[in-house]
Amino acid sequence: MADVTAPAYRIIPIIPALKPGAMEGKGPFVASDKINEAIGFPGQLVEDWHDKAIAKMGELLSKYRSLKVYMDACVHCGACSDKCHYFIGTQDPKNMPVARQDLMRSVYRRYFTLPGKLFPKLVGARDLTREVLDEWYNYFNQCSECRRCSVFCPYGIDTAEVTMAAREILDSVGYGQKYSNEIIGKVHKIGNNLGLPPPALIDTLEGLEEDVKDATGIDVKFPIDVKGAEVLLITPSADFFAEPHIDSLIGYAKVFHATGTSWTLSSMSSEAGNFGMFIGNYDQLRAIAMRIRQAALELGVKRIVVGECGHAWRVAYSFWNTLTGVGDGADANDRFAQMLQKQLDHRYKQPAHICEFTWDMIQDERLSFDKSQNDKYVITFHDSCNVARGSRMGDFAGGQFEIPRNIIKAVANNFVEMDPRTTREQTFCCGGGGGLLTDDLIDLRVKGALPRMEVLQQVADEHGVNFMATICAICKAQFTKVMPIYGFDRRTVGGVHQLVSNAIILGDKK
Amino acid sequence: MSILFAILFYFATLAFVVGLLHRIRIYARTPAPLKIPTTPAPTTQAGVVLRMTREVVFFESLFKANLWTWSMGWLFHASLALVTLRHLRYFTDPVWGWVAFIQPFGIYAGITMLLGLCGLWARRLFVERIRYISTPSDHLWLVLLIVIAVSGLLMQFVAHTDVIAVKSYFTGLMQFSIGSLPSDGLLMLHLLSVSALLAVFPISKLLHAPGVFFSPTRNQTDNPREKRHLSAWAAKLESEK
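Protein sequence lines correspond, in order, to chains A and B. Reading the first sequence from the start, the letters are residues 1230 to 1739 in this note's numbering. Reading the second sequence from the start, the letters are residues 1229 to 1469 in this note's numbering.
It is possible that some hints are incorrect.
Stated by the list, open to error - Capping the alpha-carbon separation at 27 Å, the derived lysine-lysine pairs in DSS-like fashion look like this:
1. A:K1407 / A:K1263
2. A:K1531 / B:K1455
3. A:K1571 / B:K1464
4. A:K1285 / B:K1464
5. A:K1248 / B:K1292
6. B:K1464 / A:K1281
7. B:K1455 / A:K1571
8. A:K1407 / A:K1281
By construction, these hints were calculated from the structure, which means they are not laboratory data.
Let's have the full structure, built from the sequences with the hints guiding it.
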């Protein structure tokens, strides 16, 4: 840790010069046999990895239109070339989205296209050698799947789709990444990414009830495994103990308390995050999401609400209906989905984001706030990449930008925007998303945070911003770690519901 | 020579049409198992049509990305469209009214097309990042298109070819009768380059043209909560349970 330093701020928006090889060999730790085998992947690189990898690639090309089209469509126009935070921070040309894609596209051309088979040099096609495979491992684990490049691509090519496919291929030949695969193992075994067993979780929640009682004098409950509750809250497990995450969990509980909503957590399904998406594996993605379906069915809840977590919200909003039937609009003869959809209350969005829930309650005037409680802060909002570009809130396109901001403005007096080229759909990833939030990648994480830190520094200097609200567990953990390296206090980052928690008036109701 | 070019053109057209249809069939048949529109995205089908139209006609995303690439790229594509439409006059008799109308614009579009191409090539040659990602074929495509544009412009403005004869040759070809083509070097070069472009189109990066319509990040409706989206192979996972 000691030798990690922050790169210098650029004079915005200079595009950095290339430093080839800057991030070579800087990839994350490789998963051990035990970790890989626990989730059904080969323990280590298999003997016939070459043929297996090509076969897997062929399979994915036939299963995912995105991959097939994106392998063909790129014209190397360079629109994406200066858009990735990891490229900006590291200057390694292979961290340009197009170059990252080309690591796979070159192999695609060699094995799946006529020109690549006949004239590999001409079209930049390459054999899949061990060096190429290592390069895949290195650079496809330096992509946070934030989709910023896909905003700017004239064909909508999404590097995240390519990264997911590459990681899926690597896993299938026994070349998995330690951090992600270890976490997936924990979810399957224990129910959350942190490996927090149910008794410990229940204990933590009881402690929280006491803390809130001490601080407010009010009995705010943190119910768990309550059958027949109206709302099932699925939240990232970091919310149960990490700082500043826990302050947002307290915020959700206060909102439920103040609105008299009956709610519950689930000890079996105590994780919103879904690292199955990060490794691009549909089976893992689905198996992890199935725990939520199971909890909803067992507890008989009417609504499913998701806590502050970026990729979790993308999975919940965009994929849950597909994967598990949590949603609406299944065919009448779709028994699998109907089983759950009949139980859910469709006057509300299913699933709903906690921000949608809170904002609805604010609009219905069922919550009141003392905004002055947040007067010590000048607040800005960091749009989390997966929320911004992979999901929505509310009834209109872009609700995912407006609703969190509306909440902040409802609970606090001082709000400032950062540079518009770095917010909303053009937001930068925190630098730790996509399965990269691990200490073995700390150098990459610090560098990847550069574009966000630059513009935060700007509003800190110009407007005295001292709090950056966000709605993602990974953003919170990443910034808490890297902000001090850039000279910010680690408590500069926090959740939207942390601000809600500060300002909410609970009254005397028991 | 006339017969050789006839064979060449029949072959190139066949390769183009069959190859392209084959590719489109593959794209259309490959499932998109998950909802992945880049949001904010339209929530209705009509909205998607609008988004796609803005993308295809105005290159909306590229506009957001880089004004230089956008202006050169858009200039080239818009000019190419005009030039191509103008060329319909060599295949239709009588010439359709609107084709006659765009003739003068189409001719000058040849010049702006060349300008756009040169701008794009300059970017590829002189901008470090773009040079890094360019393959030899990326350069060759630009060379080929520049050859097509220059040879066409030369025939228009410097060394006229017998366009009446060219037209009767091509209208003949369309009825499978091979007439005689003026033996003009520029014309040969022009036609050779165009047929090369047609033949290689379906196995090259020019697939970006059909590809954009099949790009899930652009063509999907943002309604995953309202409507269950399930691909055939994913549905099978449910019946296996």
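Is the Cα-Cα distance between B:K1464 and A:K1281 27 Å or less? holds (24 Å)
Is it true that the CA of B:K1455 sits at most 27 Å from the CA of A:K1571? Judged against 27 Å, a Cα distance of about 14 Å means the pair holds.
Given the hint that A:K1407 pairs with A:K1281, test it: the Cα-Cα distance must not exceed 27 Å. It holds: about 21 Å lies between the C-alpha atoms, which stays within 27 Å.
Given the hint that A:K1531 pairs with B:K1455, does the C-alpha gap stay at or below 27 Å? holds (18 Å)
Is the hinted pair A:K1571 and B:K1464 satisfied, with a Cα-Cα distance of at most 27 Å? holds (22 Å)
Holds or violated: A:K1407 to A:K1263, with C-alpha atoms at most 27 Å apart: holds (10 Å)
Taken at face value, is the distance from the CA of B:K1292 to the CA of A:K1248 at most 27 Å? holds (26 Å)
Pairwise hint evaluation, B:K1464 against A:K1285, where the allowed Cα distance is 27 Å at most: Between A:K1285 and B:K1464 the Cα gap is close to 19 Å, so the pair holds against 27 Å.
Against the hints set out earlier in the document, no violation occurs for any number.
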